[in-house]
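Turn these sequences into a full structure, and let the hints steer you where they fit.
Protein sequences appear in the order of chains R and W. Numbers in the working numbering are just positions in the first sequence, counted from 1, shifted up by 5. Numbers in the working numbering are just positions in the second sequence, counted from 1, shifted up by 63.
Simulated from the structure, these hints should not be mistaken for laboratory data. There could be a bad hint or two in this list.
[Said to hold, decoys possible] One side of the interface only, derived from the structure: several residues of chain R facing chain W at Cβ under 7 Å:
| id | residue |
| --- | --- |
| 1 | Met42 |
| 2 | Pro45 |
| 3 | Thr176 |
| 4 | Leu181 |
| 5 | Asp184 |
| 6 | Ala192 |
[As the list claims (entries may be wrong)] Here are the computed distance ranges between Cβ atoms for each label pair:
| id | chain 1 | residue 1 | chain 2 | residue 2 | range |
| --- | --- | --- | --- | --- | --- |
| 7 | R | Asp173 | W | Arg266 | 19 to 25 Å |
| 8 | W | Ala151 | R | Arg172 | 34 to 40 Å |
| 9 | R | Gly220 | W | Pro75 | 22 to 28 Å |
| 10 | W | Leu72 | R | Pro75 | 34 to 40 Å |
Heads up, the beta-carbon is just placed ideally off N, CA and C, and yes, glycines get one too.
Residue-level listing of the chains:
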Amino acid sequence: MPVRDSIGIFFRRPAVLWALLFLAALGLGVAASFLWMPAPRVAVIRFNDTIWSDTAANLEAQLRYAEDDPSIRAVVVEVDSPGGEAAASERLYFDILRLRERKPVVVMVNTLAASGGYYLASAADLIYATPSSSIGNIGVIAQAPEASFVVEEYLFTGPFKAFGNTRDSFTRQMELLKDSFLACVFAQRGDRLRVDADTLSRGELYVGTVAVQMGLADALGARGDAVGRAAEMAGLARYAEVDVAAEMVGRGALAPTPTPTYPEYAYERVQQPSWAPGYYYLYVAPRAGGAR
Amino acid sequence: MKGRRTLGLLIPLLLLVLAAVPAARFLWYYRGMPGPRDVPQPDLSRLAVPTPGAGAYVDRPAVGRGLVLVDRAHENLYSATELSVLTARLTARGLTVRELAAGDDLEQALRPASALIVVAPGRAFTPQEIAAVRRFVDRGGRALLVADPTRYTVLYDDYGEAAFADTAVLINPLATPFGLSFEDDYLYNVVRHEGNYQNILLRDFAAGALTAGLAEVAFYATHSIHVAGGGLIVADADTHSSTDELGGELAVAALDGTGKVLLLGDLTFMTSPYAGVLDNGRLVANVADFLAAAERRYGLADFPYFFGDEVALVPSGGSPLGAGPIADSGALQAALQAADRRTVVRAAADPARDNLFVGVFSDTAAVADALEAAGIAVQAVEAEEGFSYTLTISGTGAVDGTDLALFLLQQGGDQTNLTLLADRGETMPEAVQRLTEGNFSGCLALSETLLLCALGEGRGGWDGGGDDGGGEDGAGDGAGILVVSDDELYMTTDCSVGAYYYELFLYADYTVELWSVYDQGNPTLEDLRQHVAVFWVAGTCAGVVPSAENAETLRSYVAGGGRLLLEGAYIGTDWGGSDFYTEVCRAEYLGNGELLDLAVADAGHPLAQGWAKEQTLTLVDGGGADQPDVVGALAGAAVVLARGPTSAEPGTPAVIAYEEGDARVVYAAFPLFSLSEEDLDTLIRNAAAWLVD
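Set out below in structure tokens:
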């Protein structure tokens, strides 16, 4: 009997046929599960910087990556920031809200989540903090615009075309931003807050232990706790951690940037002469031994 | 048939296999299916920009007159436009607003003024200026002192290190003599405010003209004011101080006990546009009314500002005017015109104008009524060559009128009259010069409005003091005391308050001259000798001691019979063992130690009058100096006050006194300023009485 006939007879045997079909089904199932159900990962995104447009863009790119990657089922954002530009801080707040609609987001505060840093942190599902971290400083600081003037050489089409608004109006709108900040915090923290808006308006910084007692944060812990809780919220039994920035840099999706460490940003990037007139959710750390 | 049945069995099996892998994978990785995610969105649509309540005050002022002096001489940290709302209100009330420019003499500038405004000084006031302001207020002038926590200046410490300080530090030496002071803070209210937490709303007003018609005002960053007995405008319970976060009953506007000194913790509320918010405009108008209501009592040194717009110059004597009287009258007329007073010359008193009588003792007919009203009689006494004159003054007695001039100021109703009489025409020019210059040094002040001045070289002065004619001399009989402030540092203020306070206690009873070493340099031996006694203050600021030059001057002064009170915390530290320390202080330096209290060691000594034996005097502010000198008394020196029981080295001397020949010396080895106000008053008065005796 020729070999071809033998093979044909073999495959014509029902048992063999069914075995092959079984294997094919098994393979198809494996392939499909790997394709549509990748091994879940918990993304870790670190943000150790002041919130300027460029640093915010970097963080936004990582948040977007985490949002789009189906293997990333939960996100932990490690925040160490004194805040920064108001608009950039608000952008990050809404970015995290959007991410939260798809995946749990947990913030871990190691050292500082002040002002805009807390603004974005408050958008998370949960906030973990170390006992000695500094949290809060809700409010706005600003460098007021120049008093308006009129000169022959410069022509404007309106009284505030050149200056935006009066100093008084600028101040009053700053108050609106503070109220907006508070509203955003209260919208997310809700009943968890055990402190009223008037108290938060004072702009105080609280150590992590107190922040948890006040409901500004949810629990004391370290990064592992935050990652574990994020995974739990995502219903993960087994998962891998992924450093989003490193992965993105490895794939050429993100330019490598040096990561400043506290208090470098407080003393070098947060110097008033570098500010443009405008509003900031920023904690300006006083220099040791400095004047009032 | 069988194949179809097998197929029907195996296909589901294959599908099961197909699904089992993902299911197994899911079960491997997941604990379950996460539920739908509910993410709350903030609702910002109802937030609104806070807007101020607009005031609707229309100013309808009563028109008066007066001069308001606005300080611009102390690097004040505000622009002229910031005060324009207030100055407009002042001018609407008929007041003249004049600026005190850098380099101007404050005391001279205050002569014509009815009110003084000091806003956010960036430079310290000298002890002389502080004393001048107090005297100004004593004489009915009104003062508005405004600080603002948003106004900073740079001060330097002993080592040249710069530090920010707000203007409260610099303005407080003007305020503290009146029992008021600005706190170095700002107030805030996070519960209810005017657009920002530091813009506080105020509804709690004490009754009075300054708060009339006010329902609510807003202050835009304000200091609180320390005032005993309640403030004029007080913040609510939700308003807190930045320094201690205490809330409630924080005053932001306050009047002193006499109602003549007003402190405001904020400048911004009276600037545009904030003067238009709520009742701020009315408050600014009330402040203007307050300043316009000054009833300034003028002394003779204030010539010619106590006169109205028109003055009748009345040369006495029925005979035609000669060259001398015309020259004298011309000088007076020029002085009046320089002060914007129109003059007319009349032969007799003009009932429709203020009058300035000028004449000699030989012809007092035109001023007979004025002299009689003042209890003064002029009697001619026949002498070898013509007549001499004796003045009999009610309550004083007879005074030889030779080489004498009399100045008498009488104010009543709407008329002010000044009588100037000299013993003869030859001495009149000097009398006129004294009047026009406001220089009554060496004159006998029988009251604020009656002076006798010796003229020419025929007489010496009544004393060695430099009274300006305004002092109410009493127990000290006009004896001149020089208070030397030797502890001022560059652009700092606290250091001058010691000297100032001593002057404050002495002012009522003695002719006192303040000398600022910082401003005036070291006084010479002659400067010291021109006074009956010298109070040398080196104790308010730690670390300041007399310089070598000053130590030598003091040594010579005491060796020549001088009367000296010398105080300082570290004089022994620097000068211990020196001839100066041995000869002047009569003390030996033993070391340094904490000083918290004192014990009366010699209750029988004149310096301890008013204290009981072994009475303990507790020092305020921890003694005011860190580890001041521990000293011993040398032979011949009495220990009046010793270190108290809770101090280091209790029982060792703290205040030493001795006399040798004409010399009398009091040496305090600590800052006297750290005594309680009552004890300081006691010691200063006792020391003055003993030294001047």
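Hint check, failures only: Of the numbered hints given earlier, those the structure breaks are 8 and 9, listed in rising order.
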